[in-house]
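Fit chain B to the supplied structure of chain A, relying on the hints for placement.
This is what each chain is made of:
Protein chains: 2
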Amino acid sequence: MSAASELSLGGRYLMGPGPSDVHPRVLKAMATPLVGHMDPKFIEIMDGVKEMLRGLFRTKNDLTFAVSATGSAGMETCFVNLLEPGDEAVVCVNGVFGNRMCDNVERCGAKLVRVDAAWGEPIEPAQVKEALGKCKPKLVAIVHAETSTGVLQPLEEISGMVHDAGALFLVDTVTSLGGTDVRVDEWGIDAVYSGTQKCLSCPPGLSPVSFSGRAVKVMEQRKTKVQSWYLDLSMVRKYWEGNKRVYHHTAPVSMIYALYEALRLIFEEGLDERFGRHRRNHELLREGLEEMGFEFLVRPEYRLPMLNAVKIPAGVEDAAVRQQLLERYNIEIGAGLGEFAGKVWRIGLMGCSCTENHVNMLLAALRQIMK
Amino acid sequence: MSAASELSLGGRYLMGPGPSDVHPRVLKAMATPLVGHMDPKFIEIMDGVKEMLRGLFRTKNDLTFAVSATGSAGMETCFVNLLEPGDEAVVCVNGVFGNRMCDNVERCGAKLVRVDAAWGEPIEPAQVKEALGKCKPKLVAIVHAETSTGVLQPLEEISGMVHDAGALFLVDTVTSLGGTDVRVDEWGIDAVYSGTQKCLSCPPGLSPVSFSGRAVKVMEQRKTKVQSWYLDLSMVRKYWEGNKRVYHHTAPVSMIYALYEALRLIFEEGLDERFGRHRRNHELLREGLEEMGFEFLVRPEYRLPMLNAVKIPAGVEDAAVRQQLLERYNIEIGAGLGEFAGKVWRIGLMGCSCTENHVNMLLAALRQIMK
Numbered sequence: 001m002s003a004a005s006e007l008s009l010g011g012r013y014l015m016g017p018g019p020s021d022v023h024p025r026v027l028k029a030m031a032t033p034l035v036g037h038m039d040p041k042f043i044e045i046m047d048g049v050k051e052m053l054r055g056l057f058r059t060k061n062d063l064t065f066a067v068s069a070t071g072s073a074g075m076e077t078c079f080v081n082l083l084e085p086g087d088e089a090v091v092c093v094n095g096v097f098g099n100r101m102c103d104n105v106e107r108c109g110a111k112l113v114r115v116d117a118a119w120g121e122p123i124e125p126a127q128v129k130e131a132l133g134k135c136k137p138k139l140v141a142i143v144h145a146e147t148s149t150g151v152l153q154p155l156e157e158i159s160g161m162v163h164d165a166g167a168l169f170l171v172d173t174v175t176s177l178g179g180t181d182v183r184v185d186e187w188g189i190d191a192v193y194s195g196t197q198k199c200l201s202c203p204p205g206l207s208p209v210s211f212s213g214r215a216v217k218v219m220e221q222r223k224t225k226v227q228s229w230y231l232d233l234s235m236v237r238k239y240w241e242g243n244k245r246v247y248h249h250t251a252p253v254s255m256i257y258a259l260y261e262a263l264r265l266i267f268e269e270g271l272d273e274r275f276g277r278h279r280r281n282h283e284l285l286r287e288g289l290e291e292m293g294f295e296f297l298v299r300p301e302y303r304l305p306m307l308n309a310v311k312i313p314a315g316v317e318d319a320a321v322r323q324q325l326l327e328r329y330n331i332e333i334g335a336g337l338g339e340f341a342g343k344v345w346r347i348g349l350m351g352c353s354c355t356e357n358h359v360n361m362l363l364a365a366l367r368q369i370m371k
Numbered sequence: 001m002s003a004a005s006e007l008s009l010g011g012r013y014l015m016g017p018g019p020s021d022v023h024p025r026v027l028k029a030m031a032t033p034l035v036g037h038m039d040p041k042f043i044e045i046m047d048g049v050k051e052m053l054r055g056l057f058r059t060k061n062d063l064t065f066a067v068s069a070t071g072s073a074g075m076e077t078c079f080v081n082l083l084e085p086g087d088e089a090v091v092c093v094n095g096v097f098g099n100r101m102c103d104n105v106e107r108c109g110a111k112l113v114r115v116d117a118a119w120g121e122p123i124e125p126a127q128v129k130e131a132l133g134k135c136k137p138k139l140v141a142i143v144h145a146e147t148s149t150g151v152l153q154p155l156e157e158i159s160g161m162v163h164d165a166g167a168l169f170l171v172d173t174v175t176s177l178g179g180t181d182v183r184v185d186e187w188g189i190d191a192v193y194s195g196t197q198k199c200l201s202c203p204p205g206l207s208p209v210s211f212s213g214r215a216v217k218v219m220e221q222r223k224t225k226v227q228s229w230y231l232d233l234s235m236v237r238k239y240w241e242g243n244k245r246v247y248h249h250t251a252p253v254s255m256i257y258a259l260y261e262a263l264r265l266i267f268e269e270g271l272d273e274r275f276g277r278h279r280r281n282h283e284l285l286r287e288g289l290e291e292m293g294f295e296f297l298v299r300p301e302y303r304l305p306m307l308n309a310v311k312i313p314a315g316v317e318d319a320a321v322r323q324q325l326l327e328r329y330n331i332e333i334g335a336g337l338g339e340f341a342g343k344v345w346r347i348g349l350m351g352c353s354c355t356e357n358h359v360n361m362l363l364a365a366l367r368q369i370m371k
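Those protein sequence lines, which keep their order, are chains A and B. Numbering-wise, my numbering puts 107 at position 107 of the first sequence, and it's gapless, one number per residue. Numbering-wise, my numbering puts 247 at position 247 of the second sequence, and it's gapless, one number per residue.
Just chain A, same shape as in the assembly (with noise of 0.2 Å):
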């Protein structure tokens, strides 16, 4: 066959829900020639990513490490390791990654209960208080920053009502990890997943993860096998930690070296320096937003400072702008997911892509293609 053309990409500046854009230093990172992944030399660098990743997650839990596939990998992850068959889950839905979680429970062969809001809006601790009078779960998940909507989710109330219920608390943080505080141990979470290529500025392909020793125990107390080999943490955790490490599967050693040159990075910065400066540009971007007519879809006080989702105006054709704005401007924003499709843009400020310049060069396109 004849060859393919040469890899000739980049100069895109990512401002949608991820990838964001990535620094030149996990760049390089990416291009470090391999060691083997039972290599001491390795095992430093998987050590190095473990210690950082409790430092992010703010948790001394010892299951904490990166899971060898994307976010939703991790998602998976977290329910086929704690749910069996016929156990209950009770999942929060305000957008279409709670409506993933749901889809997950059922593959386990848990019952599901539904605690929904609609999208755009958090869930009210209320509202899992009522669902908890009705069963006796397992566990409870929920979305701290809503990918679809934009919704950034108060966590500390309903956590506290999980843990009197006697569940494990589980929580969705692809999104906020690194853009905003996560705070596992204050907050009482005991699983909680998130992605490499939001803010964290990595490209995606791994999935951190952490475990409280609550959910840990009932790891280690299951009757059944968990449902995947590659996800099977008994087997993964192995690997990860302890002094022998025991090969699982080969890890995505050019991707550990990246997420670890991330991490460094993101502690060089520190991390109150950081979720400041998402907020700060979060601001910058809905002042010039809303002065040319965008509304956001969210209220202030639950708006994720690094996805921005705005109602797209009247009149404005939602593809052939996106369209322009890729291919004159070299921008990407996202579009809208699920029932939001056609109806808001999702305006990310993530990790990298989160600078002063990022929103003016926006500002600045969209107010030149929407004269």
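The reader is advised that the hints may include incorrect statements.
With a straight-line Cα cutoff of 25 Å, these simulated PhoX-like cross-link-like pairs (lysine-lysine) come out [stated by the list, open to error]:
(1) Lys-225/B - Lys-138/A
(2) Lys-225/B - Lys-223/A
(3) Lys-244/A - Lys-311/B
(4) Lys-223/B - Lys-111/A
Hints in this document: simulated from the structure, not taken from any laboratory. Quick caveat, the model's predicted, so the values are computed rather than measured.
Chain B only, in chain A's frame:
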């Protein structure tokens, strides 16, 4: 927390069971700035990957792409999409990876029929025939290149029997693809998976797969949902196929770049030339090792060129020699797995690690250590 130390790695010669050395052009591809996973430019790269994978698998199968996780997830993808609870499956076992397949079958709730051969020996067609006389399986699974033992499994005769019995033929080509011939259409393979980090000389993180029309029909006629959300091909294929690509999960963009470049290098070299190179360097290694008194585990006619399993001579300390190779010479070779732990070494000659220089370096180092 204090920042972790700078990433300072590389310099190893990877002559174990994978990962193998990665070509500088592939490392450079990994460092390419990212575009979005729905970007038209990225869809072109995906299409190029599909086309080149078809060339490498020697197939016309539409459903040919790369699963967004390592080879073991490719294995799981095949089993969870093709099997439903209550189905029957025959698995041929002559090493670690056959056993892993059995574990997958059981996690699918399917009935397992094992065909066992001694480790280091191939499966005999007569054994498969006997098994097929006693059951009515939906599929028969076998490993083309057993990475734990170095056995190359002849497939054509067994394939005929499997099809006569009305079953699908599922083959593991993790270690063979890109290093020796894999003829999916000619050999009647219905489902096949591989890994990127062996003879493709691409970093670990993706699993190339291909499915025949018969396999796709079986998937389309399922009565139950696939137990894995992440690996459910009824959704994944809508992202990889068709005119309108539907978001499923965020593709590992940089890994796809790397695979694209690794495949380009393979077709620039040419398949026959590449397979010939693997055979020639295998012979060179064999001569050198036999001169030093090493014995191969596998009979000559069933030996893999890219994975050379040799018995550790009496009086030679397994771990101590491998440690010296790694620390003094920066050469990684593989330890024995499973029942061969401490008894064999597995020397890889895969992709970019398959050169005369690699062979010469290893032989010289072994002579110096063992003199």
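Okay, the hints, checked on the actual structure:
{"no.": "1", "hint": "Lys-225/B - Lys-138/A", "in the structure": "holds (23 Å)"}
{"no.": "2", "hint": "Lys-225/B - Lys-223/A", "in the structure": "holds (23 Å)"}
{"no.": "3", "hint": "Lys-244/A - Lys-311/B", "in the structure": "holds (24 Å)"}
{"no.": "4", "hint": "Lys-223/B - Lys-111/A", "in the structure": "holds (19 Å)"}
Against the hints set out earlier in the document, no violation occurs for any number.
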